[in-house]
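Student: Read off the chains here:
4 protein chains.
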Amino acid sequence: MNNLDKLIQHFEKFPGVGARQAKRFAFHILTQAEDESKDLSELIANLKGSVVECASCHRFFPTAGVETMCSICNSQNRNHHKLLVVTQDSDIQAIERAGVYDGLYFVFGGTVPLLNSKENNKLRGSALKATVEERLKEGLVEVTLGFAVNPDGENTARFVESIIGEMLKERDIKTTYLGRGLSTGSELEYADPETIKNAFQNRSTHE
Amino acid sequence: MNNLDKLIQHFEKFPGVGARQAKRFAFHILTQAEDESKDLSELIANLKGSVVECASCHRFFPTAGVETMCSICNSQNRNHHKLLVVTQDSDIQAIERAGVYDGLYFVFGGTVPLLNSKENNKLRGSALKATVEERLKEGLVEVTLGFAVNPDGENTARFVESIIGEMLKERDIKTTYLGRGLSTGSELEYADPETIKNAFQNRSTHE
Amino acid sequence: MNNLDKLIQHFEKFPGVGARQAKRFAFHILTQAEDESKDLSELIANLKGSVVECASCHRFFPTAGVETMCSICNSQNRNHHKLLVVTQDSDIQAIERAGVYDGLYFVFGGTVPLLNSKENNKLRGSALKATVEERLKEGLVEVTLGFAVNPDGENTARFVESIIGEMLKERDIKTTYLGRGLSTGSELEYADPETIKNAFQNRSTHE
Amino acid sequence: MNNLDKLIQHFEKFPGVGARQAKRFAFHILTQAEDESKDLSELIANLKGSVVECASCHRFFPTAGVETMCSICNSQNRNHHKLLVVTQDSDIQAIERAGVYDGLYFVFGGTVPLLNSKENNKLRGSALKATVEERLKEGLVEVTLGFAVNPDGENTARFVESIIGEMLKERDIKTTYLGRGLSTGSELEYADPETIKNAFQNRSTHE
Numbered sequence: 001m002n003n004l005d006k007l008i009q010h011f012e013k014f015p016g017v018g019a020r021q022a023k024r025f026a027f028h029i030l031t032q033a034e035d036e037s038k039d040l041s042e043l044i045a046n047l048k049g050s051v052v053e054c055a056s057c058h059r060f061f062p063t064a065g066v067e068t069m070c071s072i073c074n075s076q077n078r079n080h081h082k083l084l085v086v087t088q089d090s091d092i093q094a095i096e097r098a099g100v101y102d103g104l105y106f107v108f109g110g111t112v113p114l115l116n117s118k119e120n121n122k123l124r125g126s127a128l129k130a131t132v133e134e135r136l137k138e139g140l141v142e143v144t145l146g147f148a149v150n151p152d153g154e155n156t157a158r159f160v161e162s163i164i165g166e167m168l169k170e171r172d173i174k175t176t177y178l179g180r181g182l183s184t185g186s187e188l189e190y191a192d193p194e195t196i197k198n199a200f201q202n203r204s205t206h207e
Numbered sequence: 001m002n003n004l005d006k007l008i009q010h011f012e013k014f015p016g017v018g019a020r021q022a023k024r025f026a027f028h029i030l031t032q033a034e035d036e037s038k039d040l041s042e043l044i045a046n047l048k049g050s051v052v053e054c055a056s057c058h059r060f061f062p063t064a065g066v067e068t069m070c071s072i073c074n075s076q077n078r079n080h081h082k083l084l085v086v087t088q089d090s091d092i093q094a095i096e097r098a099g100v101y102d103g104l105y106f107v108f109g110g111t112v113p114l115l116n117s118k119e120n121n122k123l124r125g126s127a128l129k130a131t132v133e134e135r136l137k138e139g140l141v142e143v144t145l146g147f148a149v150n151p152d153g154e155n156t157a158r159f160v161e162s163i164i165g166e167m168l169k170e171r172d173i174k175t176t177y178l179g180r181g182l183s184t185g186s187e188l189e190y191a192d193p194e195t196i197k198n199a200f201q202n203r204s205t206h207e
Numbered sequence: 001m002n003n004l005d006k007l008i009q010h011f012e013k014f015p016g017v018g019a020r021q022a023k024r025f026a027f028h029i030l031t032q033a034e035d036e037s038k039d040l041s042e043l044i045a046n047l048k049g050s051v052v053e054c055a056s057c058h059r060f061f062p063t064a065g066v067e068t069m070c071s072i073c074n075s076q077n078r079n080h081h082k083l084l085v086v087t088q089d090s091d092i093q094a095i096e097r098a099g100v101y102d103g104l105y106f107v108f109g110g111t112v113p114l115l116n117s118k119e120n121n122k123l124r125g126s127a128l129k130a131t132v133e134e135r136l137k138e139g140l141v142e143v144t145l146g147f148a149v150n151p152d153g154e155n156t157a158r159f160v161e162s163i164i165g166e167m168l169k170e171r172d173i174k175t176t177y178l179g180r181g182l183s184t185g186s187e188l189e190y191a192d193p194e195t196i197k198n199a200f201q202n203r204s205t206h207e
Numbered sequence: 001m002n003n004l005d006k007l008i009q010h011f012e013k014f015p016g017v018g019a020r021q022a023k024r025f026a027f028h029i030l031t032q033a034e035d036e037s038k039d040l041s042e043l044i045a046n047l048k049g050s051v052v053e054c055a056s057c058h059r060f061f062p063t064a065g066v067e068t069m070c071s072i073c074n075s076q077n078r079n080h081h082k083l084l085v086v087t088q089d090s091d092i093q094a095i096e097r098a099g100v101y102d103g104l105y106f107v108f109g110g111t112v113p114l115l116n117s118k119e120n121n122k123l124r125g126s127a128l129k130a131t132v133e134e135r136l137k138e139g140l141v142e143v144t145l146g147f148a149v150n151p152d153g154e155n156t157a158r159f160v161e162s163i164i165g166e167m168l169k170e171r172d173i174k175t176t177y178l179g180r181g182l183s184t185g186s187e188l189e190y191a192d193p194e195t196i197k198n199a200f201q202n203r204s205t206h207e
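Line order of the protein sequences matches chains A, B, C and D. Residue numbering for the first sequence is 1 to 207, as defined by the working numbering. Residue numbering for the second sequence is 1 to 207, as defined by the working numbering. Residue numbering for the third sequence is 1 to 207, as defined by the working numbering. Residue numbering for the fourth sequence is 1 to 207, as defined by the working numbering.
A few of these clues could be false.
It does not matter which identical chain is meant; a pair holds if it fits inside one copy or across any two.
[Said to hold, decoys possible] Capping the alpha-carbon separation at 30 Å, the derived lysine-lysine pairs in BS3-like fashion look like this:
| no. | residue 1 | residue 2 |
| --- | --- | --- |
| 1 | K137 | K122 |
| 2 | K23 | K197 |
| 3 | K23 | K129 |
| 4 | K122 | K6 |
| 5 | K197 | K169 |
| 6 | K23 | K82 |
| 7 | K169 | K6 |
| 8 | K6 | K23 |
| 9 | K129 | K197 |
| 10 | K197 | K122 |
| 11 | K6 | K174 |
| 12 | K197 | K137 |
| 13 | K174 | K137 |
| 14 | K169 | K129 |
| 15 | K174 | K48 |
| 16 | K137 | K82 |
| 17 | K38 | K6 |
| 18 | K48 | K197 |
| 19 | K13 | K23 |
| 20 | K169 | K13 |
| 21 | K48 | K23 |
Bear in mind the hints are in silico, worked out from the structure with no lab data behind them.
From just these sequences and the hints, can you work out the full model?
Tutor: Structure follows, in structure tokens:
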């Protein structure tokens, strides 16, 4: 296979990219200025050197090479007694944007699909166990499981509970789940029965 | 204007129907069997005689002409101490499908748009007041406002509170709102800040 | 079944209308003014009396009851030596909008599906034969088959040829087909092979 | 700006890629195996060395470094008396897939937008002139302009004619345009007036 086709093949593995777009990416690189592609090439080659996985929450963060923990895990302004387990780095960005959570995070690295039990070696089961043990020493009071509201997300929650549930129960640490109900834009007429059920069970005295 | 065009004009006023589809509807009637259109014509002419607005909840229900109240309002199996105010008939269908609410309903008849204060004469403000007064005599304990999670829905809730809020407060009757949070299918990464905020505030110890 | 459900069932048979929209239509009629639904009901009941199928081209046209032929078939400004066979009334409207055809029409009444040979009694095979015979006496010079560019459209063209092909060939009357190639908005990159093939075969010395 | 953000910025310039997908691309690279990103980085760095712009048609083709002309321009099986001018490389792939053209190509490199007269330095006006002059010596008989059927495509055709039109006219070389009409899947009812007009003007005696 020639180098152009090899590059296209690489791009086809990019998330959400099909054969035609992969080809367009290759042409984009062919037609851009020489120093642009040189720059891109070097950024890719050196990315892992300039971005580090946080030793505590396991999200990626840019670093000059000295720190091993990210700015959130290092911050004295965060509540170190709360831990939120999420699927991936981008969930953290969405939550930080909302500005309502002041605790620490743990990036689990993926979901445990309900129907595909293929070993997912990106999942951080034992790292999670270690982190929770560490946090327990420092007065952990609540672990929140923040997974998607779908079968895979719920299966992942079950899986995480099987890892750290016992440990938390023994010490009477609260495990919580993100609230369910009507999300922004919901209209009753189009809401699914499960969501309506949650909306009733979680109804409150303020809007 | 000829009759064909007049009919098309009628169909253009049907909800969600554009000029082209209205034309198709007219052709559909032109090409269907004679007795089909006769049947349709008669059903339309007599609809209001065979469907009645419930004197209590104001939803439409089919009747032979004797009853003035719908099967829900008449039922001894429903909890008559709970009242749920919704926008329209179709909301009731969605909620009944979910099978989690056993109280009574009140169809408010529409929303109060935030930006368009045009008098909406389908709204049933005074009827709601009368119904609540009636229910109060029979031991009402909770009124739930079930409007859409959008600016118009929230404005409608404000409007309804201005009508019955005082009355309920005086008697210590609880006003509740449907719970907000992640709805079925939600993924944190794509959730809006408001929904994430609600998901955190309403987090619970069970999924 | 009650009258409301019967009406909803009628609306569900309207082209492109699903269960939910059918229900909305019924509510639309329930909530509109009394004289509006009376008007609609009467228009539907009397539609067939005020719209007539043209004896020549078989399209529907509004009439006070005297004419048997539509304004196009009656017009002295149209070229009566050309005949264009189309699937349905709405095709005529699209062609008239384009303003490039000055001949007469024949509405075939539907397509002959390639895979479903169910008898379609709306198709006007023998009427077409009769019309062509009539036109032949008056100097017909060209019959154009204007069906969709898809398997059903092409199958319909074959079927029409089996009815009138011989007759036209004997008298040396030209049968033509609408030109194929790139349509407005087409980009080569996304064009299908068949369209590209047609675009090459039909290339011309002007754009 | 840190390297992660710099890389994301590069990806945002990729065709059809938004901020969120660019971020996903970066995470994709972060989490893939070390040798995968090394391979990708090198392919990008060396792409221009292993892919060459054909000296004749200007499309890109992979090469070990010896050839200066692509396999189509070099082929004795192609008709060297025909030239097809297209916008971009991907147009050639679509046409070759259709298998109906046996002549040579010229990649113009872009379109001349109707409304944005910004100098587009990727356009190969003078190279086209040189190529046509070269072909004229070898018995060119037809130049086909194969641009999109939209305002920009038509404006580009005008621009190309202003460059090579005179030259071709003097020698009586035919300039042709891809045929227009109904494309695969077209239904008359939904066709735009321009397409219907072309379909009538280009009607033929075979389907």
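Student: Now look at each hint and say whether the structure bears it out.
Tutor: Now for the hints, and whether the structure bears them out:
1. For the homomeric pair K137 and K122, the shortest alpha-carbon distance inside one copy (26 Å) is at most 30 Å, but the shortest distance between copies (62 Å) is not.
2. Taking the shortest alpha-carbon separations for K23 and K197, only the inter-copy value of 24 Å comes in at or below 30 Å, while the best intra-copy value is 47 Å.
3. In the homo-oligomer, the alpha carbons of K23 and K129 lie at most 30 Å apart only across protomers (28 Å), although the nearest pairing inside one protomer, at 43 Å, exceeds that limit.
4. Proximity of K122 and K6 under a CA criterion of 30 Å is satisfied in both settings, with 26 Å inside one chain copy and 25 Å between copies.
5. In this assembly of identical chains, K197 and K169 lie within 30 Å of each other by CA distance both inside one copy and across copies; the values are 28 Å within and 27 Å between.
6. For the identical chains of this complex, K23 and K82 are inter-copy neighbours only, at 27 Å across copies versus 46 Å inside a copy, given an alpha-carbon limit of 30 Å.
7. When the C-alpha separation of K169 and K6 is checked against a cutoff of 30 Å, the pair qualifies neither within a copy, at 52 Å, nor between copies, at 44 Å.
8. Taking the closest pair of Cα atoms, K6 and K23 come within 30 Å of each other both inside a single copy (11 Å) and across two copies (23 Å).
9. Within a single copy, K129 and K197 get their C-alpha atoms only as close as 33 Å, which misses the 30 Å cut-off; across copies the closest is 27 Å, which meets it.
10. With identical chains, the CA atoms of K197 and K122 are at most 30 Å apart between copies only, with a shortest distance of 29 Å across copies and 34 Å within one.
11. For the identical chains of this complex, K6 and K174 are neighbours neither inside a copy (51 Å) nor across copies (41 Å), given an alpha-carbon limit of 30 Å.
12. In this homomeric assembly, K197 and K137 come within 30 Å of each other (Cα to Cα) only across copies, at 29 Å, whereas the closest approach inside a single copy is 38 Å.
13. In this assembly of identical chains, K174 and K137 lie within 30 Å of each other by CA distance solely inside one copy; the values are 15 Å within and 43 Å between copies.
14. In this assembly of identical chains, K169 and K129 lie within 30 Å of each other by CA distance solely inside one copy; the values are 14 Å within and 49 Å between copies.
15. Taking the shortest Cα distances, K174 and K48 never come within 30 Å of each other, neither inside one copy (36 Å) nor across copies (57 Å).
16. For the identical chains of this complex, K137 and K82 are intra-copy neighbours only, at 13 Å inside a copy versus 47 Å across copies, given an alpha-carbon limit of 30 Å.
17. For the identical chains of this complex, K38 and K6 are neighbours both inside a copy (18 Å) and across copies (13 Å), given an alpha-carbon limit of 30 Å.
18. Within a single copy, K48 and K197 get their C-alpha atoms no closer than 46 Å, and across copies no closer than 33 Å, so neither meets the 30 Å cut-off.
19. Taking the shortest alpha-carbon separations for K13 and K23, both the intra-copy value of 12 Å and the inter-copy value of 15 Å come in at or below 30 Å.
20. With identical chains, the CA atoms of K169 and K13 are never at most 30 Å apart, being 42 Å at best within one copy and 50 Å at best between copies.
21. Taking identical chains as interchangeable, the C-alpha atoms of K48 and K23 lie at most 30 Å apart whether they share a chain (26 Å) or sit on different chains (15 Å).
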